[in-house]
Amino acid sequence: MVTYQYRCAGCGDVDVRRPMGAATSRLACPRCGDDARRVYTSPRTRLVPRGLVAALDAAGTSAENPRVVTREPAPQAPRHAHPLHARLPRP
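Heads up: the sequence shown is residues 197 to 287, going by our numbering.
These are computed hints drawn from the structure, not numbers from a lab. All C-beta atoms in this analysis are idealised placements derived from N, C-alpha and C, irrespective of residue type, glycine included. Misleading hints may appear alongside valid ones.
Label pairs and their computed distance ranges (CB to CB) [as the list claims (entries may be wrong)]:
# : residue 1 : residue 2 : range
1 : 254       : 279       : 24 to 34 Å
2 : 199       : 231       : 14 to 24 Å
3 : 251       : 279       : 22 to 32 Å
4 : 231       : 262       : 50 to 60 Å
5 : 285       : 197       : 51 to 61 Å
6 : 220       : 274       : 55 to 65 Å
7 : 229       : 261       : 51 to 61 Å
8 : 273       : 246       : 25 to 35 Å
9 : 247       : 281       : 16 to 26 Å
Given only the sequences and the hints, what does the whole structure look like? Please build it.
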């Protein structure tokens, strides 16, 4: 099911759920019964988490303009998610 947006002169914006491709350009407003016209909007991309948007933007940027590495990175000790992992025996 897809959410389509319609605008009624009396009620304002109205969201209607219909099967994909089953939306009409006009319908009777579910609140008052007046004529409501379909509003064409972008997909609801605002529901995507900001962290995911930032990661996708960074991936797209690095694909077009990769960072130039001038030296090898310094080795780092492995970081563990849980503090008790530091107590585990090492080989």
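Here's how the hints hold up against the structure:
1. 254 x 279: 24 to 34 Å: holds, 29 Å
2. 199 x 231: 14 to 24 Å: Taking Cβ atoms as reference, residue 199 and residue 231 lie about 20 Å apart, which means the hint holds.
3. 251 x 279: 22 to 32 Å: holds, 27 Å
4. 231 x 262: 50 to 60 Å: holds, 54 Å
5. 285 x 197: 51 to 61 Å: The hinted range 51 to 61 Å holds for residue 285 and residue 197, with Cβ atoms some 55 Å apart.
6. 220 x 274: 55 to 65 Å: Distance hint for residue 220, residue 274 holds at roughly 59 Å.
7. 229 x 261: 51 to 61 Å: holds, 55 Å
8. 273 x 246: 25 to 35 Å: Given about 30 Å between the Cβ atoms, the range holds.
9. 247 x 281: 16 to 26 Å: Taking Cβ atoms as reference, residue 247 and residue 281 lie about 25 Å apart, which means the hint holds.
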